[in-house]
Amino acid sequence: MKLEELRFGTELLKRGFASMQKGGVIMDVVNAEQARIAEEAGAVAVMSLERVPSDIRKMGGVARMADPQKVTEIIEAVSIPVMGKVRIGHFVEAQVLETLGVDMIDESEVLTPADEQYHIDKKLFKVPFVCGARDLGEALRRINEGAAMIRTKGEAGTGNVVEAVRHMRNIMGEIRMLKGMDKQEMTDYARDIEAPAELVIECAERGRLPVVNFSAGGIATPSDAAMMMQLGADGVFVGSGIFKSTNPELMAKAIVEAVNHFNEPEVIARVSRGLGDAMPGLDIHTLRDDEVLQTRGR
Amino acid sequence: MDVKVGVLALQGNVSEHIDAFALALDRLGCGCSSAVVTVRHPADLEGCHALALPGGESTTISRLIDKNHLYKPIHNFSGGIFATCAGMVLIATHVDDARINTLNLIDMTVDRNAFGRQRESFEADISLSNIDGGPFHAIFIRAPVVTHAGASVKVLSRLDQGIVAVEHGKHMALSFHPELGGDTRLHERFLKNIGV
Numbered sequence: 087m088k089l090e091e092l093r094f095g096t097e098l099l100k101r102g103f104a105s106m107q108k109g110g111v112i113m114d115v116v117n118a119e120q121a122r123i124a125e126e127a128g129a130v131a132v133m134s135l136e137r138v139p140s141d142i143r144k145m146g147g148v149a150r151m152a153d154p155q156k157v158t159e160i161i162e163a164v165s166i167p168v169m170g171k172v173r174i175g176h177f178v179e180a181q182v183l184e185t186l187g188v189d190m191i192d193e194s195e196v197l198t199p200a201d202e203q204y205h206i207d208k209k210l211f212k213v214p215f216v217c218g219a220r221d222l223g224e225a226l227r228r229i230n231e232g233a234a235m236i237r238t239k240g241e242a243g244t245g246n247v248v249e250a251v252r253h254m255r256n257i258m259g260e261i262r263m264l265k266g267m268d269k270q271e272m273t274d275y276a277r278d279i280e281a282p283a284e285l286v287i288e289c290a291e292r293g294r295l296p297v298v299n300f301s302a303g304g305i306a307t308p309s310d311a312a313m314m315m316q317l318g319a320d321g322v323f324v325g326s327g328i329f330k331s332t333n334p335e336l337m338a339k340a341i342v343e344a345v346n347h348f349n350e351p352e353v354i355a356r357v358s359r360g361l362g363d364a365m366p367g368l369d370i371h372t373l374r375d376d377e378v379l380q381t382r383g384r
Numbered sequence: 009m010d011v012k013v014g015v016l017a018l019q020g021n022v023s024e025h026i027d028a029f030a031l032a033l034d035r036l037g038c039g040c041s042s043a044v045v046t047v048r049h050p051a052d053l054e055g056c057h058a059l060a061l062p063g064g065e066s067t068t069i070s071r072l073i074d075k076n077h078l079y080k081p082i083h084n085f086s087g088g089i090f091a092t093c094a095g096m097v098l099i100a101t102h103v104d105d106a107r108i109n110t111l112n113l114i115d116m117t118v119d120r121n122a123f124g125r126q127r128e129s130f131e132a133d134i135s136l137s138n139i140d141g142g143p144f145h146a147i148f149i150r151a152p153v154v155t156h157a158g159a160s161v162k163v164l165s166r167l168d169q170g171i172v173a174v175e176h177g178k179h180m181a182l183s184f185h186p187e188l189g190g191d192t193r194l195h196e197r198f199l200k201n202i203g204v
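Residue numbers (our numbering), protein chains in the order written: chain X, 87 to 384; chain G, 9 to 204.
What the hints contain is simulated information worked out from the structure, not anything from laboratory work. Some hints here could point you the wrong way.
Stated by the list, open to error - Here are the simulated DSBU-like cross-link-like pairs (lysine-lysine), alpha carbons at most 35 Å apart as the crow flies:
1) X:LYS209 x X:LYS265
2) G:LYS200 x G:LYS162
3) X:LYS156 x G:LYS75
4) X:LYS265 x G:LYS162
5) G:LYS75 x G:LYS12
6) X:LYS209 x X:LYS156
Only chain G is shown next, with the shape it has when bound in the complex (with noise of 0.2 Å):
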């Protein structure tokens, strides 16, 4: 299959994120026959079978969302979203924060820097359910966590402080960044879902 992967590029930890769908679709066996491409305005989305919104600053990645109109094509995108860090606050419905213009498309509420300030960023070896190949080395930065999930949503991490990996649908939604540390299981499981 040909596929097309979007990576939302306003700001934020974008060539991360081509490097490891890149990465991906090679172990999946589509590299050559796929595309990684940035997404900047409306056009940019045509043909895409997935979208990464990807970590950066959700209030600043909200603002951009709105000024470069995008906001009704991702709400309106029949593909399936990764969305990471900054990306699962954007997503969700819900947001502890009303600046954030989020695009309803994941029946949850999501707390901002749930775990607190940089210092308090971490690494840790968690566990994800239907996830084959034990722990995934998972890098927490000023990281959101959700603190409520609706009853369509499947929770596939949870820490202490909240849930920190969901699917919905073809969607995926992570507190944390996989696209830093190499391991591609998640971008893999994301893909297969969305049918490659």
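Okay, chain X solo, but in the shape it has when bound (with noise of 0.2 Å):
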């Protein structure tokens, strides 16, 4: 077969990459051991990053993406997909990302904004992005921009799962609204939301994002998981959940088990069974305004 003959980074080919990630955990991992842990626990991918949430929210200062050496280490020592975190708007990050191999980029609200007016123009690159959205507006400007897979932002780095919740309420309950509207009352409620028509009525047909919807930002334990899975999650990531509990190898294993029966509370609970402390989590209103990350980017 001739090169010239192959076509590479097509919309069919990312949003086929985030539709394999389905019923699966992706989790954050910040080095090659914390990677082989997630990889042996059965994540579907590895999410990677210089510091998980909870410690850049402790942290404070400039959050950007992970030291390329540290990214390399990783894609080596696993053989699932690695995703890597790049800063929004900062287009050049992402171009290293790319060059290094990450099989999935996520234009994260958890590092700190690069460009607070554009996102990255997604369309430019050959491998697909993830991107946070709170609501069906927000979903649709990322998807219009090129985004292969959406993940609801919750707050991240919370161990709270409240926000998550919200979000991903917002985007199931405006598409079930959709139902009940003809064309016109579509396109006048695409222009309230700021997102494009033609987005919005595909959203009524299918009855669900165009693109694969995680669930992010506070799941930290198996029935955060599951919670969300039932709540129309295609799959969900955990940050800081895995790695700031007390017992991290069977934190993701109980994870991974409990998406993956997220209809079978006597599975849950088994698997949440002495699994020691999950991360220690905060409460949102004890925020203040500059510490809340789900209000980057719109």
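Could you fit the two chains together into a complex? Lean on the hints.
Structure, rendered in structure tokens:
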């Protein structure tokens, strides 16, 4: 087969890759050893970053893309896909991760935004992107920019699932609401939520987002993960929840099983037994405005 | 014929397989009398004539097959198995990764991620022997290839990197994702092979 007959980086390949992650758990890791633990526990992919979100909160300052050396070590350590986080709008960090061979790029509000006006033009890349969203309008704006996967933002690094629930309910509820509208009303609604009308109509026809939708930002226990699945998530991202718990190996395996059996409370009860402490949590209402990550990018 | 197709629903591209099989059954004229169901527990396999092993993460799916006590029921399944991507890895006798507990159903050796990482994933029109209607538009996503196939395995398609489509008795295994393209010729051929 001749190389010029192959097509790389198409929309179908990007969305197809995202679709293969469905029903899976994607775990934040900061080094090769954690990546191996995640893979061993049954993660479908790992997310490489410099610090997990709860440490980013503690350290303050500017949070950036991980050291390429670390990313490469993680890529070499595991056979499952490796994702990486870049700052909102930082297209050069994204170019760097693409060069390193990262399989999907997370344009993430957990890092300090590099551009307060524009997100990355994701259609210029061969690798797929995942982006955060809090409601349907935000999700569709990201998809319009080329995101192949959405993750509801939640509030990362808090170990508190309340914002993840809010954002998943927002998106699922808005899509349910579309079903009662005619085309004109949908077009009007699209204007209200600042989203392209054709994407709003596509959501109404499919009864779901046009791309895979994962849950993120505050999942700390197997029950949290299963609840997000029952609320309609296609899979979950677990950030600080694994490696800030007292027994990461056990917690990672338990969350994988809970996602797989999200509708079977007896399994969730069994895997939740004797896990040790989940990560310490934060009450959302105690966060100062400048400590809230979900409002970055819109 | 009433046909019941199961789709292994532990992780991965499950709903696309359900839709593709429903469409293929429809095109074969047995849509209304047939059913496509998800398989999560051994009891779900009862009455199934075929089982699809979807794409996803092969290490994850292999672990979940064991956890859900599905290894033996799938290994002993009397119907045909339609295995794509990660499914091709699982159905083989040999894989380049010891963590995968292969189902040992098709005598072949499979290399995971044989084309490279996601940026090397590609779409291409490939030729398939014994399939009418011209080239098949195939979608390869971090795809595996067969590097060695036993004498009883029928090779349907081969690229420079290795074999990408095979048949073995009632089973079919593919490196790529026919469930993503809307072309159901391979699904239909598989269903005809099991007697539909």
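Structure-based check of each hint:
1. X:LYS209 x X:LYS265: holds (29 Å)
2. G:LYS200 x G:LYS162: holds (16 Å)
3. X:LYS156 x G:LYS75: Satisfied, since the Cα-Cα distance of roughly 32 Å is no more than 35 Å.
4. X:LYS265 x G:LYS162: Roughly 48 Å between the alpha carbons, so the hint for LYS265 of chain X and LYS162 of chain G is violated.
5. G:LYS75 x G:LYS12: holds (25 Å)
6. X:LYS209 x X:LYS156: Holds, at roughly 26 Å.
The structure fails hint 4 only (numbered hints given earlier).
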